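*Asks:* Protein sequence lines correspond, in order, to chains A and B. For the record, in the first sequence the residue sitting at position 123 is 123 according to my numbering, with numbers rising by one throughout. For the record, in the second sequence the residue sitting at position 88 is 88 according to my numbering, with numbers rising by one throughout.
You may find that some hints are simply not true.
Now the stretches of chain B that chain A is said to cover, found in silico as 3 or more residues with beta-carbon under 8 Å [unchecked claim]:
| no. | segment |
| --- | --- |
| 1 | 38–44 |
| 2 | 62–68 |
| 3 | 72–86 |
| 4 | 184–193 |
One side only, chain A facing chain B, incomplete, derived with CB under 8 Å [what the hints assert, rightly or not]:
| no. | residue |
| --- | --- |
| 5 | Met32 |
| 6 | Ala52 |
| 7 | Leu53 |
| 8 | Met176 |
| 9 | Phe179 |
| 10 | Leu273 |
| 11 | Val296 |
Think about it this way: if two alpha-carbon atoms lie no more than 20 Å apart in a straight line, the pair counts; the simulated EDC-like pairs of lysine to aspartate or glutamate are [to be verified]:
| no. | chain 1 | residue 1 | chain 2 | residue 2 |
| --- | --- | --- | --- | --- |
| 12 | A | Lys21 | B | Glu206 |
| 13 | A | Lys21 | A | Asp93 |
| 14 | A | Lys21 | B | Glu197 |
| 15 | A | Lys260 | A | Glu197 |
If you're looking for bench data, these hints aren't it; they were derived computationally from the structure. Please read all numbers here as calculations on a predicted model, not as lab measurements. Each residue gets a CB set at the ideal place from its N, CA and C atoms; glycine is no exception.
Here is what each chain is made of, one letter per residue.
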Amino acid sequence: MTAAAVSAHTVGSAKPFPIGKVLAWTFMGIIMVITIVPFYWMIRTALSSNAALYSGSSSLLPANFNVGSFARVFGIQTGEAAIAQGGSGQSIDFWRYLGNSLVVASLVTAGQVFFSACAAYAFSRLKWRGRDVVYSLFLGGLMVPAIFTFLPNFVLIKNLGLIDSLLGISLPTMLMTPFAVFFLRQFFMNVPVELEEAALLDGSSKIGNFFRLILPMSSAPIATLSVLTFIASWNDYFWPLMVSYSDNSRVLTVGLGVFKAQTPQTGPDWSGLMAATLIAAIPMLVLFALSAKRIVNSIGFSGIK
Amino acid sequence: MSNTPVASGSAKKRSRSDLPLAVLMIAPAFIGLAVFLLWPTIYGIGLSFTNFNLLTPPKFVGFNNYIRMIEDPMFWNAAWVTVYYVVVNIGVQTVLALGIAVLMHRLTQSMIVRSLILTPYLVSNVVAALVFFWILDNQLGIGNHILVSMGLERIPFLSQDATVIPTIALINVWRHVGYTALLIFAGLQTIPESAYEAAKVDGASEWQTFWRITVPLLRPILALVLIRTIIGSFQVFDTVAVTTAGGPVNSSRVLQLYIYNMAFGRFQFGYASALSVGLMVILVVITFLQYRLTRAGDTDLN
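With the sequences and hints as input, model every part of the structure.
*Replies:* Listed below in structure tokens is the structure:
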């Protein structure tokens with residue numbers, strides 16, 4: 001290649017393919033719009049009245065702005081008012097579902113992260129015979145597809161008398177997941193051994209090291225894992241659906257399904273339904289807004305390793 | 001209690017086994033693993049050889065459930081519907097995610113773009129299903145409004161055979177594509193910058209760089225991502241259960257919904273367990289085949 005050709009290339013690559021770049025940004029823009037617009041549509045519909053929706057309004061702003069739908073799904077509208085506004089008139093109480101989701105997700109997150117951390121410490125920092133064998137059992141557990149454990153676990157929870165209880169929903173994932181143990185072990189391994197030995201010489205115990213050294217030094221991955229576990233538990237549907245039979249233990253996802261099933265087939269309460277989905281979605285969107293960077297950065301690790 | 005002597009003694013005698021403390025610390029997690037994961041796996045296989053119905057004690061019936069499965073047209077329908085779903089879902093999702101990931105890598109490293117793209121993943125399948133159930137409603141949904149305003153026919157997306165599975169597959173693409181793109185993006189970051197600089201020096205276009213550098217070096221990670229997403233895709237349930245409940249007739253009755261119907265609609269836990277084993281066998285075979293075909297373990301980086 002001549003010098004002239006090379007320099008032409010270098011000049012060219014400083015501004016590579018303006019058309020390609022425009023196309024690329026257009027593609028990205030379209031993807032962004034498709035990603036975001038359904039959220040806007042949820043809000044717009046929830047703030048519209050059913051009457052306006054049924055008159056065929058396709059206004060991009062809320063049609064006949066009102067918040068009756070939220071009153072309806074929180075059960076603070078009278079049955080008659082609800083029916084007048086296109087609701088089913090059945091009592092529906094999303095405060096209750098919100099509370100249940102909060103209890104289940106908190107129990108699962110606190111239990112799973114703490115007990116998995118304990119196990120991860122024993123697998124990374126304690127010396128004992130059989131460690132590798134037991135750890136490989138946990139790794140094996142990583143391979144079992146969730147579908148496979150649902151029916152037997154249902155039978156077990158039923159025999160324990162925990163059907164239709166929040167503890168019954170929480171229990172199977174409250175003690176550990178193989179992934180959580182695996183994830184935390186990776187980080188515990190990276191805490192320098194010297195620090196721990198120094199602490200032992202200063203009279204600390206191993207269990208003391210776990211609480212005063214390992215846990216604080218791993219607070220970032222523990223926070224990430226907690227957020228991910230909370231979100232996964234909040235969004236879970238299949239397992240809570242099997243265990244819940246009444247409002248005692250219905251979480252938001254199950255409550256949404258019930259609400260959708262109760263709403264009249266011929267004239268669904270669209271604005272109520274969208275208000276209900278918003279109530280289920282908003283806590284996760286807020287959590288995401290607060291920890292987006294943490295969650296986005298964690299994905300590479302969890303997927304590839 | 002039992003950990004106190006070990007804990008105090010271990011400071012002086014480092015070589016001593018930590019077994020008592022280890023047992024204490026592992027106990028809760030190990031109980032969780034054994035009771036809710038390992039034992040159910042064995043118990044589930046056991047149940048598949050019985051006629052268990054939740055009410056009377058299980059009775060051994062040999063391979064009857066498996067024979068019934070092979071002769072059950074509903075099972076084959078469910079298997080076919082599920083495979084159809086997975087092909088559309090994974091096909092569209094992987095291509096889109098790869099495109100998005102490459103753009104996030106080569107065009108913009110913006111954290112805002114990466115966060116926005118992940119947003120749908122943060123809401124549940126149920127929420128995603130209901131939003132699109134509304135958007136795609138035949139009469140009032142904005143999707144059909146747009147079609148009509150463009151002079152096209154209304155499409156009953158979720159209520160006719162021809163469109164129900166592709167529609168559900170695309171709803172789930174909407175929810176998962178950002179996550180998949182970020183997985184691939186993480187893989188792209190493992191490709192050394194020097195490879196791209198060398199391509200640039202050699203005058204390769206972006207298009208050539210993509211096919212000659214990115215794709216070959218990304219292959220092992222792409223294979224792992226595929227195994228992961230396909231296994232997830234085969235377990236589709238939430239979206240179908242909420243929007244169509246398997247209909248119209250059986251055209252969206254995916255395997256996991258069929259298993260659920262069998263267990264909780266007809267209380268045939270034995271047969272439902274056999275169906276679960278069937279689904280698991282499919283997953284294991286696919287993982288194995290894919291691992292072999294794509295040589296997921298190798299990397300071209302070495």
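*Asks:* Against each hint, give a clear statement of whether it holds in the structure.
*Replies:* A quick look at each hint next to the structure:
1. Counting residues of the segment 38–44 of chain B whose C-beta lies closer than 8 Å to any C-beta of chain A gives 6; at least three are required, and the coverage claim holds.
2. Three residues within the 8 Å Cβ limit are the bar, and the segment 62–68 of chain B against chain A gives 0, so the coverage statement is violated.
3. Figure legend: the segment 72–86 of chain B, annotated as covered by chain A; annotation inconsistent (0 residues with Cβ-Cβ distances under 8 Å, at least 3 required).
4. A count of 5 residues in the segment 184–193 of chain B with a Cβ less than 8 Å from any Cβ of chain A is obtained; the coverage claim is therefore met, three being the minimum.
5. A distance limit of 8 Å between C-beta atoms decides the matter here; for A:Met32 the minimum to chain B is near 6 Å, and the interface restraint holds.
6. For A:Ala52, the shortest C-beta to C-beta distance to chain B is roughly 11 Å, which exceeds 8 Å, and the interface hint is violated.
7. At its closest, the beta carbon of A:Leu53 sits 6 Å from a beta carbon of chain B; the interface hint therefore holds under the 8 Å criterion.
8. Taking 8 Å as the C-beta cut-off, the interface hint given for A:Met176 holds, the closest approach to chain B being about 4 Å.
9. About 11 Å separates the beta-carbon of A:Phe179 from the nearest beta-carbon of chain B, more than 8 Å, and the hint is not met.
10. Nearest Cβ of chain B to the Cβ of A:Leu273: about 6 Å, under the 8 Å cut. The hint holds.
11. A least Cβ separation of about 5 Å between A:Val296 and chain B falls short of the 8 Å threshold, and the interface hint therefore holds.
12. For the hint linking A:Lys21 to B:Glu206, the alpha-carbon distance of about 10 Å falls within 20 Å, and the restraint holds.
13. For the suggested pair A:Lys21 and A:Asp93, the alpha carbons sit about 50 Å apart, so the restraint of at most 20 Å is broken.
14. At most 20 Å may separate the alpha-carbon atoms for a hinted pair to count; A:Lys21 and B:Glu197 meet this at roughly 19 Å.
15. With a C-alpha separation of about 58 Å, the suggested pair A:Lys260 and A:Glu197 falls outside the 20 Å cut-off, and the hint is violated.
Violated hints for the displayed structure, listed by number in ascending order: 2, 3, 6, 9, 13 and 15.
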